[in-house]
Every structure is written in C-alpha cells, then in structure tokens.
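If you count by the UniProt record's numbering, then the sequence shown holds residues 1 to 469, one letter each, in order.
Among the clues, some could well be false.
The calculated BS3-like cross-link candidates involving lysine-lysine, where the alpha carbons are at most 25 Å apart (straight line), are [unchecked claim]:
{"hint": "1", "residue 1": "Lys344", "residue 2": "Lys293"}
{"hint": "2", "residue 1": "Lys381", "residue 2": "Lys335"}
{"hint": "3", "residue 1": "Lys311", "residue 2": "Lys266"}
{"hint": "4", "residue 1": "Lys446", "residue 2": "Lys139"}
Because the hints were derived from the structure by calculation, they are not lab data.
These numbers come from a predicted model, not from an experiment.
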Amino acid sequence: MKNAQVGEELAHFPEAKLIAHVKLISNLILTVDNVEALVTRILKNVKMEQNAKIKAARLSVLVSQEGKAFCECADNKQFDTHKGQCGKTCEDDDKCPSNFRCKPVGGYNFCVCANDFTGYECELIIDCEPSGKYANCTKAGGLCWHNGTKSICDCKGKEYDTQSGTCRATCDPNKSECVNEANCEVQDGKHFCTCVEGLTGDFCNIINECQPSGKYGKCESSGGNCTFSEGNAGCSCGTGKLFDSTEGQCKDACGTVICRNGAQCKDGKCECPTGLSGTDCLTVEGCTEDLEKICKAISSKCIYDSKKEKKASCECTKNNQKFDGETCKDCDCWKNQECFFDEKKEKQCLCIDKFSDNNGNCEQCDCGQNGKCSFVNGEKKCACNDRYKEDEGTCKICDCGKNGDCIFEDHNQTCVCNDGFAELEGKCEECDCGDYGECSFVNETKNCNCKDDYLDKNGTCTGNSCYQF
Numbered sequence: 001m002k003n004a005q006v007g008e009e010l011a012h013f014p015e016a017k018l019i020a021h022v023k024l025i026s027n028l029i030l031t032v033d034n035v036e037a038l039v040t041r042i043l044k045n046v047k048m049e050q051n052a053k054i055k056a057a058r059l060s061v062l063v064s065q066e067g068k069a070f071c072e073c074a075d076n077k078q079f080d081t082h083k084g085q086c087g088k089t090c091e092d093d094d095k096c097p098s099n100f101r102c103k104p105v106g107g108y109n110f111c112v113c114a115n116d117f118t119g120y121e122c123e124l125i126i127d128c129e130p131s132g133k134y135a136n137c138t139k140a141g142g143l144c145w146h147n148g149t150k151s152i153c154d155c156k157g158k159e160y161d162t163q164s165g166t167c168r169a170t171c172d173p174n175k176s177e178c179v180n181e182a183n184c185e186v187q188d189g190k191h192f193c194t195c196v197e198g199l200t201g202d203f204c205n206i207i208n209e210c211q212p213s214g215k216y217g218k219c220e221s222s223g224g225n226c227t228f229s230e231g232n233a234g235c236s237c238g239t240g241k242l243f244d245s246t247e248g249q250c251k252d253a254c255g256t257v258i259c260r261n262g263a264q265c266k267d268g269k270c271e272c273p274t275g276l277s278g279t280d281c282l283t284v285e286g287c288t289e290d291l292e293k294i295c296k297a298i299s300s301k302c303i304y305d306s307k308k309e310k311k312a313s314c315e316c317t318k319n320n321q322k323f324d325g326e327t328c329k330d331c332d333c334w335k336n337q338e339c340f341f342d343e344k345k346e347k348q349c350l351c352i353d354k355f356s357d358n359n360g361n362c363e364q365c366d367c368g369q370n371g372k373c374s375f376v377n378g379e380k381k382c383a384c385n386d387r388y389k390e391d392e393g394t395c396k397i398c399d400c401g402k403n404g405d406c407i408f409e410d411h412n413q414t415c416v417c418n419d420g421f422a423e424l425e426g427k428c429e430e431c432d433c434g435d436y437g438e439c440s441f442v443n444e445t446k447n448c449n450c451k452d453d454y455l456d457k458n459g460t461c462t463g464n465s466c467y468q469f
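Make a model of the complete structure from these sequences and hints.
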C-alpha cells in the first residue's frame with residue numbers, strides 16, 4: 001500500500017480517531033517494509049471504532065527516509081504535538097483568541113494557554129481551580145476572576161485569607177481588634193487576626209463550640225454565657241443554673257436535687273437549716289440523748305419538724321396528737337389545716353402545704369417550687385423567685401439577661417429589651433443602628449431597618465447623600 005493510498009483511506013475517518021492511533025506510532029522508528037502492515041492494522045481498528053462524522057481534512061501517515069513516522073496535515077495546518085491534533089499556526093499574540101498566547105510547540109508556533117489559564121479552550125483560571133490559591137473564593141462569598149494581569153479573589157469589601165480559605169476583614173495592628181487571645185499578623189502582605197484553635201471569624205470572635213452544632217450550642221439560648229479562655233470554650237450558666245453536658249444546655253441547678261425535711265436547694269446544693277446536716281439534710285442533729293429518751297417514753301421517735309417548729313421533735317404515733325415539748329396531746333384544726341403546739345404549749349392552726357389563707361379558709365394555692373402563693377383580696381397571686389415569671393399560675397423560668405425584662409405572651413417567653421439592645425436567642429444583646437433606624441437580629445445577624453431617606457452604612461443608619469443639601 002503506497003503512502004497516497006494510505007492517506008486516502010485515512011481521510012474517511014474522524015480526525016480524533018486517527019490521532020489516537022497515529023500518536024501510538026509517531027515516536028517509533030519504522031521501516032518501509034513494516035509500515036504498510038502497521039497502518040493497515042490502524043485502519044482496521046479505526047473502522048471498528050468509526051461512529052462520528054468526518055470533522056477535518058485528510059491526514060497522511062508518512063515515513064521519512066530515516067524510517068520515522070510523522071503526521072502530514074491538510075489545509076496548511078501543522079501537527080500540534082501538545083494537543084495531539086492538526087491546528088493552525090500563528091505569528092503573534094494578536095492572532096490568538098482571548099486567554100491564548102502564540103508560543104513555539106514542536107517546531108511551530110501555536111496558540112496555547114496564556115499564563116494563569118488552563119483548559120481545552122483556556123477558559124479556566126488556574127488560581128480559581130480546586131488546587132489553586134483561591135480555590136475556596138466562591139464558596140467564601142467572593143468572586144474569582146482575572147484582570148488581565150493577575151488572578152483576583154474579590155471579597156466585596158474584605159480580603160481573601162489564603163490560610164483559612166475565607167473572606168475576612170483585615171485588622172489594624174495598632175488597635176486591639178482581635179479578641180479571644182488572637183494576634184494581628186501579616187499574611188500575604190495583609191493583616192489578619194490569627195485565631196487559635198477553636199475560633200473563627202474576622203476578629204476570632206466566633207467560638208466554634210458555642211455555635212448551634214457545638215458542645216455548648218444551647219448555652220446562651222438556655223440563659224448562659226458562652227466564653228473562651230486559655231484555649232478552651234466554656235459555658236457560664238449563672239446563679240441557680242448548671243451546665244448539663246448530656247443535653248448541652250443550662251438547666252435549673254436544683255431541678256433534680258431532693259432536699260429532705262423542708263430544706264431548700266440553692267445552686268444545686270441543699271442548704272440545711274440549724275439542726276439538720278447531710279447532702280440531703282436527712283440527718284437530725286437536734287435529736288439529743290435527752291430528747292430521744294422523752295420520745296421513747298411516750299412511744300414515739302425523734303424527727304425534724306420541717307413544717308412548723310423547724311426543729312427536732314417527737315413524732316406522735318396516734319392520729320390528731322402533737323408533741324407539746326413534754327408529751328403528746330390531742331390537737332385538731334379545720335379542713336386543710338395543720339395543728340401544732342408553740343413554745344408556750346398553746347395550740348396553733350396553719351394551712352397545710354400548697355394551701356393559703358383566704359378570708360379564714362385554707363384554699364389550694366400553689367405556684368410551684370420557684371415561688372410562693374397567697375391570696376390578695378380573694379385572688380391568687382404568685383411571688384416568683386428571681387429569673388422566674390408567672391405563667392398559667394406557675395412560676396416558670398423567664399430570663400432575658402440583665403439588659404431587658406422577660407414576660408410571657410401566649411405562654412411563650414418574650415424579651416422586652418432596653419434601648420440599644422435586641423433579642424438574640426432568648427437574650428437581650430447589644431444592637432444599635434443609631435437614631436434613624438431600628439435594630440434587630442435576623443438569622444443571628446444584625447439587621448438595621450432604617451427610616452426613609454436613610455441607609456444602612458456599616459451597621460448605622462445614615463443620611464442618603466442624594467437627599468442631603
């Protein structure tokens with residue numbers, strides 16, 4: 001088979017198919033005796049794979065006098081060894097499309113990708129690709145582009161931090177802008193706050209473990225203050241609360257504590273009155289040897305009278321009898337009342353637990369363990385402890401912090417914050433847009449609702465210059 005015949009045969013097949021096979025032999029030293037057999041084998045393989053329309057002019061596989069195969073392209077094209085196909089040559093950069101440059105390739109000048117660009121059509125910016133220096137630019141909210149001289153990540157008022165892969169505000173080394181033990185340091189010619197492990201944000205103000213998915217994610221929404229100190233995050237729940245690591249939130253410190261003999265719980269511990277001791281105030285210290293003898297003599301036992309006398313006493317075994325200090329005597333009162341003898345051994349009647357006096361009658365009155373119940377002019381009133389408010393006749397936790405008041409509306413906690421503060425996750429946090437707008441938090445981000453003719457500028461409502469004279 002002559003070279004001309006080979007060329008005619010090859011002309012019937014798509015250029016891409018031929019290139020794949022031609023490249024297999026282009027670097028081999030062939031003899032005239034075996035080239036015909038090799039080309040015939042290529043034609044056979046190409047025929048088996050043929051499924052596309054002819055896209056280019058005829059190609060010829062030739063054998064030089066030295067016996068080396070090479071590709072001869074039609075239409076004044078030359079074989080581009082870089083792309084592995086026939087292409088037009090160029091004289092200078094002006095003859096090349098955008099993002100291309102005219103450069104020598106295998107003995108000819110071809111249009112190839114300019115520096116900073118890649119891809120089949122040179123449409124990709126190297127620095128913007130997954131392995132590039134601005135790989136996370138778009139994900140960080142920026143725009144990665146090329147200005148004709150260099151690649152840029154436009155962070156819309158911020159700068160791209162190549163170390164963290166985020167768009168961040170720069171810091172002033174002469175000001176104390178970095179918080180939580182962070183320092184203002186130079187990175188790629190720009191000053192950024194260098195956060196220690198566990199912190200993020202422009203000024204290292206975001207504590208990772210204080211975020212919703214973190215260990216202390218429910219700290220502040222449950223009334224605590226999430227902080228960072230000496231490299232560790234923590235949750236300070238304040239008076240009357242403790243952090244529950246199982247639920248990840250602040251809970252009433254006394255919620256699961258049981259105190260005996262009428263003792264009260266404070267900050268998770270039982271405060272035992274005089275005469276009692278132990279973690280649950282079950283040990284009665286006032287049961288002296290003399291009192292034990294008295295109790296035994298009247299067939300009773302020594303107990304702590306937590307309801308009325310608040311001291312050690314003998315528990316009478318017969319119904320309607322109470323100890324008067326010496327012996328057990330009959331002691332009767334009206335319904336829902338409890339009878340006892342005072343220090344003068346005189347009978348007294350008081351309302352039993354969860355009942356209060358209402359015009360001489362003991363009626364049910366209960367505000368829960370976090371408040372006291374009474375009747376005022378015949379109406380039930382709850383005097384709730386600090387950080388609790390009445391809702392449906394019960395004292396419930398209601399705490400918006402020191403910068404506002406907490407109320408219940410339709411049984412839901414609502415914060416009435418002081419001026420310059422707004423509610424954020426159940427707490428009144430600083431939020432100020434100036435005199436010409438209202439500040440609130442939307443998706444945990446400060447939002448300024450400015451009056452007409454005023455615009456939000458860096459978190460403050462200022463006059464629109466178009467309306468200023």
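Going through the hints against the structure:
1. A C-alpha spacing of about 21 Å is found between Lys344 and Lys293, which places the hinted pair at or below 25 Å, so the restraint holds.
2. Of the supplied pair hints, the one linking Lys381 and Lys335 holds, its CA atoms being roughly 22 Å apart against a limit of 25 Å.
3. A hinted pair counts as satisfied when its Cα atoms are at most 25 Å apart, and Lys311 with Lys266 qualifies at roughly 21 Å.
4. For the hint pairing Lys446 with Lys139, the CA-to-CA distance comes to about 22 Å; that is within 25 Å, so the pair holds.
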